[in-house]
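The hints should help you fit chain B onto chain A, whose structure is shown.
There are 2 protein chains.
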Amino acid sequence: MNHKVIVILLAAVITGGICLAQTDRPAIKEDFKPSTLNQPGQEYPQVNSQGYARFRIVAPQAQSVSVSLGGRGGTSLTKAEDGFWIGTTAGPLDEGFHYYHLTIDGGTFNDPGTLNFYGSTRWESGIEVPAHDQDFYALKGVPHGRVQQILFPSKSTSTSRRAFVYTPPDYDKDLTKRYPVLYLQHGWGEDETAWSNQGRVNLIMDNLIAEGKTKPFLIVMTYGMTNEIRFGGLRNFDIGPFQTVLVDELIPYIDANFRTLSDQPNRAMAGLSMGGMETRTITLKNLDKFSHIGLLSGGSISPEDVNDTPGFKEKVKLVFVSYGSRELENRRGGGRGPFGGDPKANADALKQAGINSVFYVSADTAHEFQSWRRSIYQFAPLLFKD
Amino acid sequence: MNHKVIVILLAAVITGGICLAQTDRPAIKEDFKPSTLNQPGQEYPQVNSQGYARFRIVAPQAQSVSVSLGGRGGTSLTKAEDGFWIGTTAGPLDEGFHYYHLTIDGGTFNDPGTLNFYGSTRWESGIEVPAHDQDFYALKGVPHGRVQQILFPSKSTSTSRRAFVYTPPDYDKDLTKRYPVLYLQHGWGEDETAWSNQGRVNLIMDNLIAEGKTKPFLIVMTYGMTNEIRFGGLRNFDIGPFQTVLVDELIPYIDANFRTLSDQPNRAMAGLSMGGMETRTITLKNLDKFSHIGLLSGGSISPEDVNDTPGFKEKVKLVFVSYGSRELENRRGGGRGPFGGDPKANADALKQAGINSVFYVSADTAHEFQSWRRSIYQFAPLLFKD
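So the sequence lines, in the order shown, correspond to chains A and B.
Just so you know, the first sequence maps onto residues 1 to 386 in the working numbering.
Just so you know, the second sequence maps onto residues 387 to 772 in the working numbering.
Same shape as in the complex, but just chain A (with noise of 0.2 Å):
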């Protein structure tokens, strides 16, 4: 995130220009507030206007404490004379919301300052830095819609598996009305509860059904880690246990005990990162079941991928790709970038070929939660069209 700040770091340093440093960074503004992620009472970790955090543990006897965030090697805490280890980072950090640890004495840690959010296969501490678009997914007093707990029977991983289903406002007004449905896949090492606590997924929703932006519809987000990808990389993926779950156990489910349209135009799926390689593989195979495809910093579908798919044309109402600016920025300078080809050129060549084809690029965002709430914002208009 902070390889500029980083680079003119190093620069000056190697050239002996500490002025240089300095002029080329702005003075920090003393302007620090509670992130809006603490936990009820806490004072820090602090945001300022710039982006740049601040951090405050209580560990008096403690030899080390760092924080994994504000650049590569994360900011290292000073002990103050009354005990308290304080840091701020080197740099602003990105607009929206970021995952961090502590490391004290050579362990991890959690803030206990912040509330916790599922990522990296565990409970991480989360940090909120404002951003300049955050009134799209803020409370506002305007109609909810909820997020229902469901706990449905899977047969093939022999559980009651946990999933969450945002329901529009009206829902349990005109109980005649039929409503559909967007199943909405987090990314590796996060869980179901991603895309409510860290993607808002269901204020974005309330915000632009009360605006009239979108048509009302559900969405359905369960665990998409179902084998042995949980504390390995991606490379030995196996779709089958996940989609085996997602298409014959949770979907008649929804349909079974909700009030769906459960025809094909009306049933979508997206999801982000690895959730976005689980959409693209799921939905190729299962056309006769998605008419909606939206990948979010998760690859995109090529022109080989339609013709190899039969019916795709007819099938496929939208695909929808978007990637955050930096992760566009990292393909260019050599870095990792989009997996699966460049997604902007595989979009525009759909459009060619006369398929729906939306690109979006997430201003000045990582692979983070920003690209991906700006993605589900960009999205959700676009679905079910008559």
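Simulated coverage check for chain A against chain B, where a stretch passes if three residues somewhere in it have a Cβ under 8 Å from a Cβ of chain B:
id, region
1, 36 to 43
2, 60 to 67
3, 110 to 116
4, 143 to 151
Computed, partial: chain A to chain B, Cβ under 7 Å:
id, residue
5, Asp105
6, Gly106
7, Gly107
8, Arg122
9, Leu139
10, Ser160
11, Asp172
12, Leu175
13, Asn257
Keep in mind the hints are simulated off the structure, nothing from the lab.
The beta-carbon is built from N, C-alpha and C at its ideal position, and this holds for glycine as well.
Relative to chain A, chain B alone:
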């Protein structure tokens, strides 16, 4: 919790009888298993068949690591050769759920091995000691109700407030059916997540309903610490702000947005600890709205209360009071014990006066969630009898 063990140990030390201590304390069985509340893939903390808990923390450069469970001073961990801090409680813990935290080099942190639960006005670590009667709150292959997160408008606090609503398994099957409602409150320092997360009240209801032991009803849970007591004590408690939210805002919202039976005979209120105090105060002032009252480790209703409340005998269909047995032991031993008079004597006096008064004691549990899980299991079947 482990007073007995401590007393035995102290006696042994005082009389110089180390052998006594060794013979009086049973050998610790090496059948430790990961707590069911551990984060995915985490091996520690562990619990053995006797209820001893064992902790293991990675913090190789730390000076001291201790756990707040396992007797008055908690459990000090010892650094092993591999750099892990490890330790076992001095005695067995009571059955059920316990909050705890770590103290690392003088700072308070959560155990990265476990899930977190909101208590003591912060997200704390949790551990589960398997109970002989854990079947009644187990996740089983029965039809499951939902836990619905709602955001309801609150003029008095100028915001949208969160509540969770348990709806029984048949709620979305017969869309003409209407249901009674129980308003259920958490304790001091907890929040609206406590009854589902720590209390497993949704699973208790699912299981009771599956066995035909209770009428299906809705349970509404919201945050009860709306005033200055949040980070102070209970001394200056003013019921006003919360009563306004509950009675004037939440109840009308629930009745307008869920299929409820909204008359007095079909509305109950209960709470644990501080939530019992709130229940007692609010119901006595609003007997036109509530017919069933549950106080769980949260005081009792005296004959004087009945005399001071016009219409009590006609309007109140049930007064349920419960405690964990260790809370009553504490009282006898000169400890704090139940507040507001002897709960058993009060319950007996109400019964004598012809009121449907039920007193329940949870065996071998303290002011903790196992008492309240058992209490709600006893309470639910008594509600809304025709």
